[in-house]
Amino acid sequence: MKLAAWSNRILLASAVAVTFGYFVVFSLSPSNNGEDLAFARIWHGESPWQKLPWLATRWSDQIAGWNARLGEQLSIFWLNMPPVAYNIAATLAFLAITYFSSQVFRSETGGRVQNWATMVVFCFALWPSMDIFFWRTSQAGYLQPMILYFWLLSRVSKPVYQSLSPSLGKIVTYSVIGFLAGISFENTPPVLAAVMIGFLFKPLFRLKFWRWFAPIVSLLAGWAVLILMPSTQFRINFFKKAFHFQGYTLDYILQRALNVAGTFVVSSWILALIFVAACVWLLAFNRSNSRFVTVSLAGVLLNCMVLIAAPYTEPRVFTFSWLLMLGLIIYVLRTLLQSSTTVLVATSLASIVSLVTVAYLVPTYANFSNQMNNRDAMIQSEHGSEACKVGLPISPVHTDAATRFLNNREVWVFSSLDQVSNHYDCKVVSKN
Numbered sequence: 001m002k003l004a005a006w007s008n009r010i011l012l013a014s015a016v017a018v019t020f021g022y023f024v025v026f027s028l029s030p031s032n033n034g035e036d037l038a039f040a041r042i043w044h045g046e047s048p049w050q051k052l053p054w055l056a057t058r059w060s061d062q063i064a065g066w067n068a069r070l071g072e073q074l075s076i077f078w079l080n081m082p083p084v085a086y087n088i089a090a091t092l093a094f095l096a097i098t099y100f101s102s103q104v105f106r107s108e109t110g111g112r113v114q115n116w117a118t119m120v121v122f123c124f125a126l127w128p129s130m131d132i133f134f135w136r137t138s139q140a141g142y143l144q145p146m147i148l149y150f151w152l153l154s155r156v157s158k159p160v161y162q163s164l165s166p167s168l169g170k171i172v173t174y175s176v177i178g179f180l181a182g183i184s185f186e187n188t189p190p191v192l193a194a195v196m197i198g199f200l201f202k203p204l205f206r207l208k209f210w211r212w213f214a215p216i217v218s219l220l221a222g223w224a225v226l227i228l229m230p231s232t233q234f235r236i237n238f239f240k241k242a243f244h245f246q247g248y249t250l251d252y253i254l255q256r257a258l259n260v261a262g263t264f265v266v267s268s269w270i271l272a273l274i275f276v277a278a279c280v281w282l283l284a285f286n287r288s289n290s291r292f293v294t295v296s297l298a299g300v301l302l303n304c305m306v307l308i309a310a311p312y313t314e315p316r317v318f319t320f321s322w323l324l325m326l327g328l329i330i331y332v333l334r335t336l337l338q339s340s341t342t343v344l345v346a347t348s349l350a351s352i353v354s355l356v357t358v359a360y361l362v363p364t365y366a367n368f369s370n371q372m373n374n375r376d377a378m379i380q381s382e383h384g385s386e387a388c389k390v391g392l393p394i395s396p397v398h399t400d401a402a403t404r405f406l407n408n409r410e411v412w413v414f415s416s417l418d419q420v421s422n423h424y425d426c427k428v429v430s431k432n
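In the working numbering, the protein residues as written are 1 to 432.
Hints are computed from structural coordinates only; laboratory data are not their basis. Some clues are possibly wrong.
Stated by the list, open to error - Computed cross-link-like contacts, DSSO-like style, restricted to lysine-lysine with a CA-CA straight-line distance of at most 27 Å: (1) K51 - K431; (2) K158 - K170; (3) K389 - K427; (4) K389 - K431.
Said to hold, decoys possible - Computed beta-carbon distance windows for the label pairs: (5) W269 - G45: 47 to 53 Å; (6) V429 - R9: 55 to 61 Å; (7) V429 - I197: 50 to 56 Å; (8) L95 - E382: 37 to 43 Å; (9) P82 - A194: 48 to 54 Å; (10) W43 - E386: 37 to 43 Å; (11) R9 - P83: 57 to 63 Å; (12) D418 - P230: 19 to 25 Å; (13) L95 - P363: 53 to 59 Å.
Each residue gets a CB set at the ideal place from its N, CA and C atoms; glycine is no exception.
Using the sequences and the hints given, assemble the complete structure.
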């Protein structure tokens, strides 16, 4: 059997195993990790339909009072649905984001399934911060809206879609998706718009392609709506006060730039090195698609630059960059098919790392979840007791897992005990 065939078989088997592992790990992840408690309510057997009036009120309060992002509302929805429903939805979301991101940098002759399998395997092997996969608030709030981003990019990046002026029906669909993408994040919609324009640069100058402007305009309109929402302005001012913001002075901009760059390098230096190597290879041996390098580099740099305006930096905000980088890496790897030994070695190594990662995550999340659930059960068992009235002491849950694999949100819990108390209808205090 040819090496290319072996490579594809290994990839497909590993991708299926990793996807099943994703479902298992997500099913083990607790639904009371930090901010999860702010979004979820304790239910007593109500059906999803019976929850809708409460959800509508909760959405309205959240949009008006604190955060109008689409992902924020998705977090509220899924954290109040039956766990099995969210487990399945999260796995489907993982399949969707890996599929669409693997199609952005794809040759017209490349296999869709093989590209997806490569993305799944390399994603688990190289992903810098897995909280977007397994922290339930972040999975709904960040990963699910990001599907819209890469669905749009997978449409505009292919010559087959650029060769014809899209139908009015398709443009309406693209525009709706664009608007939803725009209301998903405060920072990245302009970056997505720039990347879309980068892919469509030549077609946009032809009169018959004017319809391509509609989803880009819709995207920016959604972003403007989000930014101008009173809740967004309130949250911006809140963080300015919390971080003692004194204005965009040169020193402040340099400080933020160093913080963003430092967080990016520390969290994703391995992925970045492989990405740079892929860019060099593409420029050296496949210049016909050098635009892929230009667009991906521009997207990564712009994603970092817009974060300077934010008051703080967490690794998951680079999700858009990471997916662009992985997409280009996979494109370069798939174009190496004429060198089957290289592909077999690379995919086999990535498959081993991804499967070992899954094997590590299963007991890690099982232990973490067990501790979380035990504390949850203890608090609920004290509901209505004297201890709940005067202050029920709780201790932090600890884990030895690196933050790349598990984001323990106990810092939020013990800095927001009032919200935790509201969740349990029981006054909780720190034991320490």
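A quick look at each hint next to the structure:
1. K51 - K431: 34 Å, violated
2. K158 - K170: 15 Å, holds
3. K389 - K427: 6 Å, holds
4. K389 - K431: Within the cut-off at roughly 15 Å; holds.
5. W269 - G45: 47 to 53 Å: With a Cβ separation near 48 Å, W269 and G45 satisfy 47 to 53 Å, so the hint holds.
6. V429 - R9: 55 to 61 Å: 56 Å, holds
7. V429 - I197: 50 to 56 Å: 53 Å, holds
8. L95 - E382: 37 to 43 Å: Since L95 and E382 have Cβ atoms about 41 Å apart, the given range 37 to 43 Å holds.
9. P82 - A194: 48 to 54 Å: Violated, since P82 and A194 (Cβ atoms, about 40 Å apart) do not stay within the stated range.
10. W43 - E386: 37 to 43 Å: 25 Å, violated
11. R9 - P83: 57 to 63 Å: 34 Å, violated
12. D418 - P230: 19 to 25 Å: Roughly 23 Å apart at Cβ, these two residues keep to the hinted range, so it holds.
13. L95 - P363: 53 to 59 Å: 24 Å, violated
Violation of the numbered hints given earlier is confined to hints 1, 9, 10, 11, 13; the remaining hints are satisfied by the structure.
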